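Turn these sequences into a full structure, and let the hints guide you.
Number of protein chains: 2
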Amino acid sequence: MDELTGYRGEVLQALKKFAVKVGDIIKIATDGDVFEGTLMPRYELADDKHIVIKLKNGYNVGIRTSPNIKIERVGVGTIPAFVPPPLPKERPGLPEVAVISTGGTIASRVDYRTGAVHPAISASDLYSVVPELSEIAKVRAEVLFSLYSENIQAKHWTKMAETTASYIRGGVNGVVICHGTDTMAYTSAALSFALQNLPVPVVLVGSQRSSDRPSSDAAMNLINAVVAAGNAPLAEVVIGMHESPSDTATLLHRGTKVRKCHTSRRDAFRSINVGPLARIEAGKITMLTENYTRRDSERKLALKPRFNEKVALIKFHPLFDQELIEWHLNNGYKGVILEGTGLGHVRKHLLPSIKKSIRNGVIVCMTSQCLWGRVNMNVYDVGRDLQKIGVVPLEDMLPETALVKTAWVLAQTGNVEEARKLLLTNMVGEFSSRTLYEGW
Amino acid sequence: MDELTGYRGEVLQALKKFAVKVGDIIKIATDGDVFEGTLMPRYELADDKHIVIKLKNGYNVGIRTSPNIKIERVGVGTIPAFVPPPLPKERPGLPEVAVISTGGTIASRVDYRTGAVHPAISASDLYSVVPELSEIAKVRAEVLFSLYSENIQAKHWTKMAETTASYIRGGVNGVVICHGTDTMAYTSAALSFALQNLPVPVVLVGSQRSSDRPSSDAAMNLINAVVAAGNAPLAEVVIGMHESPSDTATLLHRGTKVRKCHTSRRDAFRSINVGPLARIEAGKITMLTENYTRRDSERKLALKPRFNEKVALIKFHPLFDQELIEWHLNNGYKGVILEGTGLGHVRKHLLPSIKKSIRNGVIVCMTSQCLWGRVNMNVYDVGRDLQKIGVVPLEDMLPETALVKTAWVLAQTGNVEEARKLLLTNMVGEFSSRTLYEGW
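If you're matching them up, the sequences are chains A and B in order.
Just so we're aligned: 1038 in the numbering used here is position 265 of the first sequence, and the numbers increase by one with no gaps anywhere.
Just so we're aligned: 1094 in the numbering used here is position 321 of the second sequence, and the numbers increase by one with no gaps anywhere.
Calculated directly from the structure, the hints in this document are not laboratory data.
This structure is a prediction, so every number in the text was calculated from the model and none was measured.
One or more hints might be untrue.
Intra- or inter-copy, both count: the list cannot distinguish identical chains.
[Claimed, not checked] Straight-line C-alpha distance at most 30 Å; calculated DSS-like pairs for lysine-lysine: (1) K843 x K911; (2) K1083 x K1128; (3) K822 x K1121; (4) K822 x K1128; (5) K843 x K932; (6) K1194 x K789.
In C-alpha cells form, the structure reads like this:
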C-alpha cells in the first residue's frame, strides 16, 4: 500500500505538505473545528476534497480540506490491521462451493467495513462480511486476480477456466466467480465455451454499487450466487444478478445469452432472445424453464481454455469505411464478426472487401446490432449476396458471444470448414429456438 | 424491368428454357394440372420454386415448378399496366404534408397490389393504395431515392435535409420521410442536427413487413405518420413506428433517442433513456410528455446539411486491438466515438493511443455499449484518466447519435475547442436530464 493510498489533487498536496501518512494518528484543524483520529486510506469513488480519519469511537469521518487547513501528526502510525474472526465451524452436509475472485466492485467489498486494504476476497473475509454464507456452503475462496473487468483479456479467461476446472475436478458442488460487471458477459460467454460438459454450475457475480454505498447489491448477489452454485439443479455457466432495483431476487442468465444493458442500475443484466433460467429469492431457487442442462456429478468436464485473439468485432454504420475490413485482413485477423443492421445487412459497397477477406481464409460472420431478434439473410438481396460469398449468418447469437465463440473456435481448429461447422453448431445454448420469445 | 424480374434458381431456368417473359400469357402444365394466365414479376422474399401468374379472374397464384413442368406461350405479352385512379378532390382545410420517399420496404408497397413495378411512391400511388390519406392531408409526394437503407450514406442525409427544408420553406405543415428501417435511426439523428430550429414536425416512417405479407405494418405506419406530420403539436424530427405487434397505435420517438432494437418485430423501435414523445391511435394524437419543442409556423428553419465523414464508431471489447485507434489517426480521422463498457471504460492499455490521437487533433468521445444509462467517468480511475487526457464524456447520448452528431459538428467547425463545446451542448434533445427514467 502507498503511504497515501487513494488521495488525489489538493487533498493529497495538503497531506504531503504536513508529511503524514496513512495509519498516522493526526490532528486536523480547519475552519475552527479540530478532529483527531487515524488517517485512513481511500478507495474508488474518492473525491479530491476530503481527508478520511477513523475517530476513537470507531467511526470514519470525512473532513473537507481548505486553504488554511492544519494537520499535525500526534501518534506513530500503524495501519489498522484487519483481524478476521475465527472461521465458523463448518456444518456437515453443506455443499462445497469455490469462490474465485477476479476483482471488480464486488471484490472491494471488504475494504470499507474494516478500513484495511483488502483488494479481494479470502474465505475468512467472506464469512466475516457476509456471515450468512456459513449457513449456506462450505466456501473455498481464492483470489485469482484483482482487475477491473475492462482490463480482462483472453489470457484471463484461460486462467479462470483452468482454475474453475481444477476446483470442479476436486469435487466442489459449484463455483462462484466474482467479476467486474463491465465485461462480465464476455467472460461468461468465454467460460461457457471453455468449460464444456460441465457437471455443476458456474455462477459469475458482480455488483453495480460498491459496498460503501447504502444501495450496494454486493451482499445479496454474493449470497444468491453461492446458493445457486451449491444447490441449483443446472450445470451451465450463468450470470447471477439483481432482478429489479430492490433487494428482492436474483436472476440467473445463461452465460451466452446475457448482456449488461444499463450503465448503473442494479438490474442491468438482461437475457436477450431467451428468458432467464432461474430466480432465487430468500434462498429458494425456482427454475423458469425446462430448457437447461441438468447438474450431474458423474459428467466429465472437458476443459478447452484457449482462445485465438485475432478476431474483430465490427459495427457497421452509414459512415463505415470499407478499408477497415482490409486492414483486418492485412493485420493477420482470422475472424471478423460483423454487427450488421436489421436482419444482417451492410452497405453493398463492402462486399468486395468481405469477399477478399473470405478468399484469404478469414471467417466472416453476421450478427445484428439490433441485439434482439434473429439474423435472416434470405429476405433481401444483400443478405443473399453476403451468404453467397461465404458470410456465416449467426441466427440470434449476440455479437459479443459471436466474437468470443469465434475466438474459441479458431483456437480449436485452423481448418476453415471445420470452424464454420463449429460456429453453426449450438454448443452451449448460444442459439435459441425459432419459437418467438415474447418477453423482450 | 428485366424480362424475368425477381425469378431465380431453378424456376428461372425453367422460364428461360421455355423462352417466356414477364407479361406473356402462358399455359403451365405440371403434375397433371394446367394453369393459364399472365406471367407476373416477383419481388423481395421470392423463393426459387414458384412461378406467379395472374389468372383471368384477377387473382395471382404461385405454381410450384417441377422437373417435368411444361410452359407454353399462348399470347403476346403486355406487362400489366398500373393506372392510378383519378386524384381525389382535395378537401379544403386539410393540412399540407410532403411525403418524401427514399426507399426501403415501405416504399415497395405499391408493387404487389398492382402487379406493376413501382419502386417508390407517387402522390397518386399513395392515394390509391392508402385512400384514407385523402381524408387526412393534401399530400405532396416525391421520390428522392430508391435505396435500401443500409446503403444510405452522409450524402443522402444532406440531400434529404435539403429537400425537407425546401418543402418546409414552401409552407407545408409537416414532412413524412419513407425510409428503410435498418439505418432509420441514424438518419433521424442526422436530420435532427441538419434541420435546426424546425417550425413543423418531420416524421420518418418505415415498415418491418413488406406489403405482400398479411402482417404488413406499412399502411398504419404511413397513415399515422401523415396524421402526425399534419397535426402533431411538436416540431422535431421523430420516428413513427408501431407501439406493439398489433395494428393498434404508433409511437413517435425523438430522432436522437431512438434505436432499432429488434430485427423483425413491428414494434422494433425503442426510445432509449427517455419515454416516447407521443402516441397516435385512430387518428388521435396524445402527447406523452411536456418536454418537446412546440410547432410554430413563424420559426425560421436553419438548414445545416453538411457532415464530415471522417468519424469512427469503435466498440471496445476484451479482444480489442489498440492499433486500431492509431489506424484511425493515421488515416485522417477527425473524430472517434468509443463505445466503452459500463460507465465509460476501456482497457487501460489503450490510453497512450487515445492520448496521441487527441494530441493530434482528433476528438475522442465516450459512450456506453450498455445503451441504457449514462456515462460517468468520475467513479473509477480509468474514467478519470480518460477525462484527463481529453476524452469527452457524452452522458446518456446513444453511440449512434454520438457518431452522427460528431460528423455534423466537425462539418460546422474545424476548431477542436468549439467542437467540444458543441458536442457537450444539448441541441435537439440528444442528452436527457439526470432524472431517473424508470421506463427502460
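Exercise. If you check each hint against the structure, which ones fail?
Worked result: As far as the earlier hints go, 1, 5, 6 are violated by this structure, in ascending order.
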